[in-house]
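Line by line, the protein sequences are chains Z and L. Residue numbers for the first sequence follow our numbering, beginning at 463 and rising by one. Residue numbers for the second sequence follow our numbering, beginning at 15 and rising by one.
Bear in mind the hints are in silico, worked out from the structure with no lab data behind them. As the structure is a computational prediction, the values presented were derived from the model and not from experiment. Wrong hints could be hidden among the right ones.
Cut-off 25 Å, straight-line C-alpha distance, at most; resulting in silico cross-link-like pairs (DMTMM-like, lysine to aspartate or glutamate) [unchecked claim]: (1) K599(Z) <-> E320(L); (2) K599(Z) <-> E663(Z); (3) K599(Z) <-> D629(Z); (4) K666(Z) <-> D629(Z); (5) K599(Z) <-> E327(L); (6) K599(Z) <-> E626(Z); (7) K599(Z) <-> D343(L); (8) K599(Z) <-> E448(L); (9) K599(Z) <-> E90(L); (10) K666(Z) <-> D584(Z); (11) K599(Z) <-> D483(Z); (12) K599(Z) <-> D584(Z); (13) K599(Z) <-> D392(L); (14) K599(Z) <-> E178(L).
Stretch by stretch, here's where chain L covers chain Z in the computed footprint (C-beta under 8 Å, at least three residues) [as the list claims (entries may be wrong)]: (15) 572 to 580; (16) 636 to 650.
If the Cβ cut is set under 7 Å, some of the chain L residues that face chain Z in the computed set are [claimed, not checked]: (17) R388; (18) A391; (19) R430; (20) P431.
Where a beta carbon is used, it is the ideal one built from N, C-alpha and C, also for glycine.
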Amino acid sequence: MMPLHGKTGRGRVCTAMQVVDLDELKRNGALWQGRRSGLAPDSLLSSGWPVLDRLLGGGWPRAALIEVLSDAHQGLSLLLPLLARLSARPRWLVWVAPPHVPYAPALAAHGVRVGQLLLVRDVSAGQGLWAAEQALKSGACSAVLAWPAQLQTAQLRRLQLAAEQGDCVAILFRSVRTAAQGSPAALRLLVRPVPPGLQVEVLKRRGGWGGDSCIVPIGPEAMDDGLHSSGASSSSHES
Amino acid sequence: MLWLALYFPQLPLEVFTRGRQQAGALVVVEPSAGREQVSRCNGAAQAYGIRPGLTLPAALALCAGLAVQRRDRAREQRALDEMASWAYQFSPRISFEPSLLLLEVGASLRLFGGLPRLLEMVQRELGQIGYSVQHALATTVAAAGLLARSRPGCQASTTDALREAVAALPLACLTRDPGARNLVRHIGLDSIADVLGLPRPELARRSGPQLPQLLDRLLGEAPDPRPEWRPPRHFSQTIELLGEIGQTMALLFPARRLMVALCGFLRGLGGGTQRLQWTLMHRDHPETRFGQGLLEPSRDPDHMLEVLRERVERLQLPAPVVAIGLRVDDWLAFEESNRDLLGGSGPDGPATSDRALLERLTNRLGGQCVRGLRCHADHRPEHAWQLCAPGELDTADAMPVQHGRAQPLWLLAQPRPLQVQQSVPQYGGPLRLEDLPERIEAGWWDGFDVTRDYFVARSRAGERLWIFRDRRGDGWYLHGVFM
Numbered sequence: 463m464m465p466l467h468g469k470t471g472r473g474r475v476c477t478a479m480q481v482v483d484l485d486e487l488k489r490n491g492a493l494w495q496g497r498r499s500g501l502a503p504d505s506l507l508s509s510g511w512p513v514l515d516r517l518l519g520g521g522w523p524r525a526a527l528i529e530v531l532s533d534a535h536q537g538l539s540l541l542l543p544l545l546a547r548l549s550a551r552p553r554w555l556v557w558v559a560p561p562h563v564p565y566a567p568a569l570a571a572h573g574v575r576v577g578q579l580l581l582v583r584d585v586s587a588g589q590g591l592w593a594a595e596q597a598l599k600s601g602a603c604s605a606v607l608a609w610p611a612q613l614q615t616a617q618l619r620r621l622q623l624a625a626e627q628g629d630c631v632a633i634l635f636r637s638v639r640t641a642a643q644g645s646p647a648a649l650r651l652l653v654r655p656v657p658p659g660l661q662v663e664v665l666k667r668r669g670g671w672g673g674d675s676c677i678v679p680i681g682p683e684a685m686d687d688g689l690h691s692s693g694a695s696s697s698s699h700e701s
Numbered sequence: 015m016l017w018l019a020l021y022f023p024q025l026p027l028e029v030f031t032r033g034r035q036q037a038g039a040l041v042v043v044e045p046s047a048g049r050e051q052v053s054r055c056n057g058a059a060q061a062y063g064i065r066p067g068l069t070l071p072a073a074l075a076l077c078a079g080l081a082v083q084r085r086d087r088a089r090e091q092r093a094l095d096e097m098a099s100w101a102y103q104f105s106p107r108i109s110f111e112p113s114l115l116l117l118e119v120g121a122s123l124r125l126f127g128g129l130p131r132l133l134e135m136v137q138r139e140l141g142q143i144g145y146s147v148q149h150a151l152a153t154t155v156a157a158a159g160l161l162a163r164s165r166p167g168c169q170a171s172t173t174d175a176l177r178e179a180v181a182a183l184p185l186a187c188l189t190r191d192p193g194a195r196n197l198v199r200h201i202g203l204d205s206i207a208d209v210l211g212l213p214r215p216e217l218a219r220r221s222g223p224q225l226p227q228l229l230d231r232l233l234g235e236a237p238d239p240r241p242e243w244r245p246p247r248h249f250s251q252t253i254e255l256l257g258e259i260g261q262t263m264a265l266l267f268p269a270r271r272l273m274v275a276l277c278g279f280l281r282g283l284g285g286g287t288q289r290l291q292w293t294l295m296h297r298d299h300p301e302t303r304f305g306q307g308l309l310e311p312s313r314d315p316d317h318m319l320e321v322l323r324e325r326v327e328r329l330q331l332p333a334p335v336v337a338i339g340l341r342v343d344d345w346l347a348f349e350e351s352n353r354d355l356l357g358g359s360g361p362d363g364p365a366t367s368d369r370a371l372l373e374r375l376t377n378r379l380g381g382q383c384v385r386g387l388r389c390h391a392d393h394r395p396e397h398a399w400q401l402c403a404p405g406e407l408d409t410a411d412a413m414p415v416q417h418g419r420a421q422p423l424w425l426l427a428q429p430r431p432l433q434v435q436q437s438v439p440q441y442g443g444p445l446r447l448e449d450l451p452e453r454i455e456a457g458w459w460d461g462f463d464v465t466r467d468y469f470v471a472r473s474r475a476g477e478r479l480w481i482f483r484d485r486r487g488d489g490w491y492l493h494g495v496f497m
């Protein structure tokens, strides 16, 4: 699993040029480690769906850019347990240019405190991007969700940096047509509706494999399970 | 009593230049013996060799592009009055002399953490407002003013120190009355010390009553009543810009000067404001007005400037700006500690510091584009939610209307009519209804009554949709989306 670690025995890789702390590389996700998440447990946020947590190697990456690609703006329901948990903090949950009206009673029924929501609507693409970046950087938000029209790779990189700077989860909901575009996102998921829920395929995961998929059961009956497990702490080491 | 005198040696010049970060060569002229003479000149003019006392033609000969302003004493007085509004925070007792502001600070020194800190603050803020100042401190108001002009930085906080401080000054500083000055000059007295050495009745007999009276007031031996200044009801100040400004961002410089003046004024009143009204004056165009809202009462110029920056970025100027005005009509009681100590508005509301983001977004995008969301107790989906001010505490949040059934995450702004084929609603193919209908009948009391059967439906592409059949119109509509 971790051959480099075994060779030095002291957690260090020595080269002629420099000494690199292996643990630090692992913590930052800079080192690929196969199926297990390369990220430290405290840099992951449990998704609240056990099956999804397994797929993601522990949960959503924290302070990073996540892309959810779909045909018709799907995938928000995957985030409900996370949003419910984050909304307990005195921080904004910013929604930039959502495609429809977020239905407040449904959000509340899933435990999301809608009072924490900040909707940025009826703005141009440029303004939306600006608002998302400001919100991410501000440190005043726990998550920023955005439904951007089109983004350049450089703009994605800016958002990724802003998310790191403000310790904020950034989730972009984008069209499947952008799947071919290169992206600096820490996580890229492809989502498509398949009874009884959503099929989630990992296109890219920092410090891990892509290509895996699972079906997250999202229905009236499955929702309860999701809610209950959302209380569990972020457990990243499921083998 | 302890009087702090603030003397503004460059006031005649600075009333013209303070709107600009950098000004070209400028002189202020005054008529003297029938000719225009340079009274003050700025650094750029000095670089051309221009000095106070030159005649205007001589100055123009040195610098062809010289800007010339006539001395405007009314404007200087107005500037002093505006500074009094700012200085009211340090003392309720304020009076004036030409180019001079006099504050009784004996009572408030401790409040401001001692004299050095008070002076530091005075100096810094006056610099930000746009005036250079020299100060002096004395136990009498007359001596404070005199020392600020003649011996800047002097601090005479006891009677003995005062006597010593003024003694060395030339008599010419004390009075411009030519009679008194001639008289004492003829008997060979130059300094104030010389005059103080004379027996008072003898001096009075020779020079008239005025000079001894001045000396008595100077030393605090006679009362020196001054009219007391009262703060205005509103804050309204204008900075005329030297020339024109065509770039919106360049307006921030004079705007900040106004904000620092405003915040001093608000501190004096123990208040903060939430609404600033800006006016931009153009030469041949009606003035531009716009408001600047703050989410909470504030008197922090940096915060105000940050918010204004967002506002100004999307401002379209119809013409270059020649003057900028700030007006504040109302203010609220304001506790400085609120901001620092509490930091939040309760367990549910976002913390106060987070409001900075909100302000940024609102001022750049407009209030209509940045909204909060809340539940509303109503069975009709259209009415079960409301947009509201962001962060508004959601009372209905605790108990949303219980549907007992699946509710969609998304609601379409308008129900979208669905095609029907063989009595089956279509959405990219026939829709499969997943469940028994839920009937919603409500609204007969407010004229928007609905009678609908809602279904969860699955499309051919696998989407879960919320659709309804209008029981009166008998059509099918898409109203919400799950997932």
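Verification of the hints:
The straight-line distance between the Cα atoms of K599(Z) and E320(L) is roughly 16 Å, inside the 25 Å bound, and the hint therefore holds. For the hint linking K599(Z) to E663(Z), the alpha-carbon distance of about 29 Å lies beyond 25 Å, and the restraint is violated. With a CA separation close to 8 Å, the supplied pair K599(Z) and D629(Z) stays within the 25 Å bound. Using a Cα cut-off of 25 Å, the hinted pair K666(Z) and D629(Z) holds, with the two alpha carbons roughly 21 Å apart.
Distance restraint check for K599(Z) and E327(L): the Cα-Cα separation of roughly 20 Å lies within the 25 Å cut-off, and the hinted pair is therefore satisfied. The suggested pairing of K599(Z) with E626(Z) holds, with an alpha-carbon distance near 8 Å, which does not exceed 25 Å. As the CA atoms of K599(Z) and D343(L) are separated by approximately 35 Å, the hinted pair breaks the 25 Å bound. A distance of roughly 43 Å separates the Cα atoms of K599(Z) and E448(L); the hinted pair therefore is violated under the 25 Å criterion.
Distance hint between K599(Z) and E90(L) is unfulfilled; the C-alpha atoms sit about 45 Å from each other, more than 25 Å. For the hint pairing K666(Z) with D584(Z), the CA-to-CA distance comes to about 31 Å; that exceeds 25 Å, so the pair is violated. In summary, the hint linking K599(Z) to D483(Z) is not supported, as the alpha carbons are separated by about 29 Å, beyond the 25 Å threshold. For the given pair, K599(Z) sits about 22 Å from D584(Z) by alpha-carbon distance, which is consistent with the 25 Å threshold.
Note on K599(Z) and D392(L): the hinted pairing is violated, with a Cα-Cα distance of about 37 Å set against a maximum of 25 Å. With a C-alpha separation of about 60 Å, the suggested pairing of K599(Z) with E178(L) is violated against the 25 Å cut-off. Beta-carbon proximity to chain L at under 8 Å applies to 6 residues in the region 572 to 580 of chain Z; the threshold of 3 is reached and the given coverage holds. With a cut-off of 8 Å between beta carbons, the region 636 to 650 of chain Z has 0 residues touching chain L; three or more are needed, and the interface restraint is violated.
For R388(L), the interface hint holds, since its Cβ comes within 7 Å of a Cβ in chain Z; the closest pair sits about 6 Å apart. A least Cβ separation of about 9 Å between A391(L) and chain Z goes past the 7 Å threshold, and the interface hint is therefore violated. Because the beta carbon of R430(L) sits about 11 Å from the nearest beta carbon in chain Z, more than 7 Å, this interface hint is broken. Here the hint on P431(L) is broken, as its CB sits about 16 Å from the closest CB of chain Z, past 7 Å.
Checked against the numbered hints given earlier, this structure breaks hints 2, 7, 8, 9, 10, 11, 13, 14, 16, 18, 19, 20; the rest are met.
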